[in-house]
Amino acid sequence: MSEKKVISGSDAVAQAVKLCKPKVLPMYPITPSTLIPEKLSEFIANGEMDAQLIHVESEHSAISALYGAYAAGVRTFTATASQGLALMHEIIPIVAGSRMPAVMVVANRALSGPLNIWNDHSDAMSERDQGWIQLYCEDVQEAFDTTIMAYKIAEKNNVLLPVMVCIDGFSLTHVYEPVIIEDQNKVDLFLPEYKPRHYLDPKNPKTFGAFAQPNTYFEFKEAEQEAMKEALKEIQNVHKEFATTFGREYGGGLIELINMQDAEYALVTVGGTTGTARMVLEELRKEGKKAGIIRIKSVRPFPKEEIIKATKKIKNLGVIDRHISIGSEGPLFTEIKATLKEENTKVAGFIAGLGGRDISREMIKKAFEIIEKGEEGVWLK
Amino acid sequence: MAILGLEEKEFFASGHRSCAGCGEALAIRHILKAAGEDTIIVMATGCMEVVSTPYPETAWELPWVHCAFENAAAVASGVKTALQTKGNTTTNVIAIGGDGAMFDIGFGSISGAVERGHKILYISTDNEAYQNTGIQRSGATFPFAATTTSPSGKVIPGKSQPKKPLPFIIAAHGAKYVATANVANLFDLKNKVQKALVTEGPSYISVFVPCIPGWKIDSSSTIDVSKMALETCAYPIYEIENGVLKLNHTPTEKKPIENYLKMQGRFKHITPEINAKIQQYVDERWKYLTESNGKKMFDTLF
Ligand SMILES: Cc1ncc(C[n+]2csc(CCOP(=O)(O)OP(=O)(O)O)c2C)c(N)n1
Ligand code: SF4
Ligand SMILES: [Mg+2]
Numbered sequence: 001m002s003e004k005k006v007i008s009g010s011d012a013v014a015q016a017v018k019l020c021k022p023k024v025l026p027m028y029p030i031t032p033s034t035l036i037p038e039k040l041s042e043f044i045a046n047g048e049m050d051a052q053l054i055h056v057e058s059e060h061s062a063i064s065a066l067y068g069a070y071a072a073g074v075r076t077f078t079a080t081a082s083q084g085l086a087l088m089h090e091i092i093p094i095v096a097g098s099r100m101p102a103v104m105v106v107a108n109r110a111l112s113g114p115l116n117i118w119n120d121h122s123d124a125m126s127e128r129d130q131g132w133i134q135l136y137c138e139d140v141q142e143a144f145d146t147t148i149m150a151y152k153i154a155e156k157n158n159v160l161l162p163v164m165v166c167i168d169g170f171s172l173t174h175v176y177e178p179v180i181i182e183d184q185n186k187v188d189l190f191l192p193e194y195k196p197r198h199y200l201d202p203k204n205p206k207t208f209g210a211f212a213q214p215n216t217y218f219e220f221k222e223a224e225q226e227a228m229k230e231a232l233k234e235i236q237n238v239h240k241e242f243a244t245t246f247g248r249e250y251g252g253g254l255i256e257l258i259n260m261q262d263a264e265y266a267l268v269t270v271g272g273t274t275g276t277a278r279m280v281l282e283e284l285r286k287e288g289k290k291a292g293i294i295r296i297k298s299v300r301p302f303p304k305e306e307i308i309k310a311t312k313k314i315k316n317l318g319v320i321d322r323h324i325s326i327g328s329e330g331p332l333f334t335e336i337k338a339t340l341k342e343e344n345t346k347v348a349g350f351i352a353g354l355g356g357r358d359i360s361r362e363m364i365k366k367a368f369e370i371i372e373k374g375e376e377g378v379w380l381k
Numbered sequence: 382m383a384i385l386g387l388e389e390k391e392f393f394a395s396g397h398r399s400c401a402g403c404g405e406a407l408a409i410r411h412i413l414k415a416a417g418e419d420t421i422i423v424m425a426t427g428c429m430e431v432v433s434t435p436y437p438e439t440a441w442e443l444p445w446v447h448c449a450f451e452n453a454a455a456v457a458s459g460v461k462t463a464l465q466t467k468g469n470t471t472t473n474v475i476a477i478g479g480d481g482a483m484f485d486i487g488f489g490s491i492s493g494a495v496e497r498g499h500k501i502l503y504i505s506t507d508n509e510a511y512q513n514t515g516i517q518r519s520g521a522t523f524p525f526a527a528t529t530t531s532p533s534g535k536v537i538p539g540k541s542q543p544k545k546p547l548p549f550i551i552a553a554h555g556a557k558y559v560a561t562a563n564v565a566n567l568f569d570l571k572n573k574v575q576k577a578l579v580t581e582g583p584s585y586i587s588v589f590v591p592c593i594p595g596w597k598i599d600s601s602s603t604i605d606v607s608k609m610a611l612e613t614c615a616y617p618i619y620e621i622e623n624g625v626l627k628l629n630h631t632p633t634e635k636k637p638i639e640n641y642l643k644m645q646g647r648f649k650h651i652t653p654e655i656n657a658k659i660q661q662y663v664d665e666r667w668k669y670l671t672e673s674n675g676k677k678m679f680d681t682l683f
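If you read the sequences in order, they're chains S and R.
For the first sequence, position 237 (counting from the first letter as 1) is numbered 237 according to the working numbering, and the numbering increases by one without interruption.
So the mapping is simple: the working numbering equals the position in the second sequence, first residue as 1, plus 381.
Quick caveat, the hints were computed from the structure, so don't treat them as lab data.
One or more hints might be untrue.
Simulated crosslink set (DSSO-like; lysine-lysine; CA at most 27 Å straight-line) [unchecked claim]:
| no. | chain 1 | residue 1 | chain 2 | residue 2 |
| --- | --- | --- | --- | --- |
| 1 | R | Lys-571 | S | Lys-206 |
| 2 | S | Lys-381 | S | Lys-289 |
| 3 | S | Lys-195 | R | Lys-414 |
| 4 | S | Lys-206 | R | Lys-676 |
| 5 | S | Lys-186 | R | Lys-467 |
| 6 | R | Lys-676 | S | Lys-203 |
| 7 | S | Lys-203 | S | Lys-315 |
| 8 | S | Lys-203 | R | Lys-390 |
| 9 | S | Lys-286 | S | Lys-304 |
| 10 | R | Lys-390 | R | Lys-545 |
| 11 | R | Lys-414 | S | Lys-21 |
| 12 | R | Lys-414 | S | Lys-203 |
| 13 | R | Lys-643 | S | Lys-203 |
| 14 | R | Lys-608 | S | Lys-206 |
| 15 | S | Lys-195 | R | Lys-467 |
| 16 | R | Lys-467 | S | Lys-21 |
| 17 | R | Lys-467 | S | Lys-203 |
| 18 | R | Lys-627 | S | Lys-206 |
| 19 | R | Lys-390 | R | Lys-627 |
| 20 | R | Lys-545 | R | Lys-467 |
| 21 | R | Lys-576 | R | Lys-627 |
| 22 | R | Lys-608 | R | Lys-635 |
| 23 | R | Lys-676 | R | Lys-545 |
| 24 | S | Lys-206 | R | Lys-545 |
| 25 | R | Lys-467 | S | Lys-156 |
| 26 | S | Lys-203 | R | Lys-545 |
Some chain S residues judged to face chain R by a derived CB distance under 8 Å, without partners named [as the list claims (entries may be wrong)]:
| no. | residue |
| --- | --- |
| 27 | Glu-48 |
| 28 | His-55 |
| 29 | Leu-66 |
| 30 | Ala-69 |
| 31 | Ala-72 |
| 32 | Val-74 |
| 33 | Leu-87 |
| 34 | His-89 |
| 35 | Pro-93 |
| 36 | Gly-97 |
| 37 | Tyr-194 |
| 38 | His-198 |
| 39 | Leu-200 |
| 40 | Thr-207 |
These numbers were taken from a predicted model, which means no experiment stands behind them.
We put the CB at the ideal spot given by N, CA and C, even for glycine.
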């Protein structure tokens, strides 16, 4: 039986992970992701979950152990944030290049320099080129649902790419909301047992992680890129199936359109910022403004076609980045401009919320005003 | 025909790209024979990984996995734990890395994995430098050896530090079986691998393996140099079983270190004064080992 509980985002993720039955959990603590391994440890200690924790000595070893467990053919899970993700950086593309359908929750937190424990997207955005699918969530229920969908997407034979489920540190990990926790049998039907085609087996010895030279490396990367294209379809398919099974959906899985039917200008958001933007949008709509929001859920694969389609009638668009590619601009801003290069939409880039700086209604209101007038974007501080 | 009780079956196929006379390749071949077919090998980046798996070829006739340079122990802990969740507690898991992989960059990874107590055998094939990247110094490089990053200059005559005592450090973690071995005695290597594999919890072996270009030796002299390492006590072989140290080879007449040094181009800059310093270093270590022989040195935990 499914049940409704008021729990934190971290607790919700842990509940979802438990339902997905990963067998090996290499874990290392880092704020604000730590509540997830703590909860999973509790489940295991109480016999509620049949899995083994590996108390690794670093995040580098967490992702390495995860790699080893996947090579041995079992489903795994880990969670991290910020410096932890950065420490994993070396192994992140190896997991993807080895086509391991891992799922990792990233509790988004600013990267140090100076040290900061609060939310922005600099950690995950800095990993966006490494072959992992990246799905960003807006609320606690979505974090729960996306974690379950992530395994299904990752494990599709035509995808076989790892997934980062990105949830805003503190504002999602530590926030309590009512969540529907689904029934185990129903989740089992949705997400069948993990049956890899290739794994380390003395009865059928295979080599994993060979050395690729210039005559073959290129094709490995090409294959990942092709798999990302497949992922665009499969994310939507899995969403559809999820919606039919559990009755919840998030704009088809790639992008969510809010008041876009008749919108003349719009703001592009990712993750929790969308919540504040929704409130501002409501006010604007009351004032008769034809504004809208495009929330990007899937940052990788990047849903170009969907964005082009969604902005066909939009004159002015704005993008909020919670990360800056220092020396350039917000990465989503760059990417959206490139996506819309053949269109007549003017795009403004906003940098906001770095290192946990609050993104207030006023800031978002200001962004909408700038977009409406077709002016240049600014730093919202 | 099985010679010296060494398994005939090969698991490390010929045709790999190692240099002729490579001590590491020889060690690997015999480690696999000793372990047998119910074994999974986890390997660190380094010469052995590069020479054995140019995609789509492989020299491995056992399941084999490589991820990166410093994480073989962590990957192995993932493999081992995954096997356990499948109810498989019998397949051997061996993590192999060079001295660079195990003594230096992967030190945290091996320390963490040993501390956690997984039943994994960790092996460092110790050729005393980062050979794959062109002979750079490691924490295991023999004192005063010339490498490309510890050259014999006018002021500094090669590597300035002693070897990091990794076997002792692993033993101090509480591992029940730790040993050093030498490719000049393959029978002993085989026994050590097999002993390690039936040990409860983690085990560790350092294997002395000459590198042809790195040590500037002739490809036909691998075994001669290895034997001389034993006869001069440059690389003593011993076991630390349940914390008790046991020397496995005591030369009837300990030869002067000069005999070992003069066989190798990496020591060609050694003057009589430095030779005396090296002799003192070897003698002190040998004295310590002989005095410790048969004594309980470490507490065991697993
Ligand atoms: C993180 C990282 N740093 C550096 C390297 C470059 N590298 C590859 S192999 C190697 C040296 C390997 O030395 P060792 O472990 O002693 O093995 P050997 O080649 O001597 O057998 C180095 C420095 C790397 N692959 N990864
Ligand atoms: S460089 Fe040294 S370690 Fe590498 S293959 Fe040649 S002999 Fe072996
Ligand atoms: Mg080496």
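Numbered hints the structure breaks, given as an ascending list: 3, 4, 6, 7, 9, 10, 11, 13, 14, 18, 19, 20, 24, 26, 27, 33, 34, 35, 36, 37 and 38
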